[in-house]
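Protein chains in written order, with our numbering: chain A, 1 to 110; chain B, 1 to 120.
Derived from the structure by calculation, the hints contain no laboratory data.
A few of these clues could be false.
Stretch-level coverage of chain A by chain B, calculated; a stretch enters the list once three of its residues show a Cβ under 8 Å from a Cβ in chain B [what the hints assert, rightly or not]:
#1 4 to 11
#2 37 to 48
Simulated pairs of lysine to aspartate or glutamate, DMTMM-like, Cα-Cα distance not exceeding 20 Å [claimed, not checked]:
#3 A/Lys52 to B/Glu51
#4 A/Lys3 to A/Glu14
#5 A/Lys97 to B/Glu75
#6 A/Lys52 to B/Asp85
#7 B/Lys26 to B/Glu52
#8 A/Lys52 to A/Glu31
#9 A/Lys97 to A/Asp67
#10 B/Lys26 to B/Asp85
#11 A/Lys97 to A/Asp82
#12 A/Lys97 to B/Glu108
#13 B/Lys26 to B/Asp62
#14 A/Lys97 to A/Glu31
#15 A/Lys97 to B/Glu52
#16 A/Lys107 to A/Asp82
#17 B/Lys13 to B/Glu75
#18 A/Lys3 to B/Glu54
#19 A/Lys3 to A/Asp82
#20 A/Lys52 to B/Glu52
#21 B/Lys13 to B/Glu53
#22 A/Lys97 to B/Glu51
#23 B/Lys26 to B/Glu51
#24 B/Lys26 to B/Glu75
#25 B/Lys13 to B/Asp85
#26 A/Lys69 to A/Glu55
#27 A/Lys69 to B/Asp62
#28 A/Lys107 to A/Glu31
#29 A/Lys97 to A/Glu14
#30 B/Lys13 to B/Asp62
#31 A/Lys69 to A/Glu31
#32 A/Lys97 to B/Asp62
Backbone N, C-alpha and C fix where the C-beta goes; we use that ideal spot for every residue, glycine too.
Residues per chain are reported as follows:
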Amino acid sequence: DAKTTQPTSMDCAEGRAANLPCNHSTISGNEYVYWYRQIHSQGPQYIIHGLKNNETNEMASLIITEDRKSSTLILPHATLRDTAVYYCIVLVSGTYKYIFGTGTRLKVLA
Amino acid sequence: DAGVTQSPTHLIKTRGQQVTLRCSPKSGHDTVSWYQQALGQGPQFIFQYYEEEERQRGNFPDRFSGHQFPNYSSELNVNALLLGDSALYLCASSFGPRTGAYFTSYNEQFFGPGTRLTVL
Numbered sequence: 001d002a003k004t005t006q007p008t009s010m011d012c013a014e015g016r017a018a019n020l021p022c023n024h025s026t027i028s029g030n031e032y033v034y035w036y037r038q039i040h041s042q043g044p045q046y047i048i049h050g051l052k053n054n055e056t057n058e059m060a061s062l063i064i065t066e067d068r069k070s071s072t073l074i075l076p077h078a079t080l081r082d083t084a085v086y087y088c089i090v091l092v093s094g095t096y097k098y099i100f101g102t103g104t105r106l107k108v109l110a
Numbered sequence: 001d002a003g004v005t006q007s008p009t010h011l012i013k014t015r016g017q018q019v020t021l022r023c024s025p026k027s028g029h030d031t032v033s034w035y036q037q038a039l040g041q042g043p044q045f046i047f048q049y050y051e052e053e054e055r056q057r058g059n060f061p062d063r064f065s066g067h068q069f070p071n072y073s074s075e076l077n078v079n080a081l082l083l084g085d086s087a088l089y090l091c092a093s094s095f096g097p098r099t100g101a102y103f104t105s106y107n108e109q110f111f112g113p114g115t116r117l118t119v120l
């Protein structure tokens, strides 16, 4: 199964951009990268997904490297409510299951 | 529009007992996935149901079984509970494919709040 590697924790000042990296060096050509976040043991919340091109929505931007071996989730103006565990997930080709890692615990500091 | 709902919110059982957890998918969704999340870990895929059948299964023993009803709601059953089964159980719903082909592009899953199971 494709695996992802993320830093265990990160801090970010309120109002600044939060850049969360993810390594997925074994990703296959047709496998998408998804990002979810989980706030205080609630259910995970979808943020964004992408295949090859950079993506942006109202919540975040996703930058995927040209070789697709890594990606970065960018929260442009972090707020205290963005404090959560962020999961980078590869949807394994030919399956229906998300493979979650242990995620990055982001703490936004006032 | 109600999102994914799960019941009960919390549950306490003893070793050896059996438990049933319930999930109602988001309106319009026909696919339900179940995940187990131990404390401090990411969710682990248990199985997924589509058209009332188990479509895919993760690395969980047969003690874990499920069911999907014609209205797309789903149940997760766990028999012979072990202490290690204590976890947050998450249900996620999504749209399923119509052709039967694997659908690996846009497949956003909407998660419920979870059921906290404690086994004593």
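Could you tell me which of the numbered hints above are not met by this structure, giving the numbers in increasing order?
When the structure is compared with the hints, numbers 1, 3, 4, 6, 9, 10, 11, 13, 18, 19, 20, 21, 27, 28 and 29 turn out to be violated.
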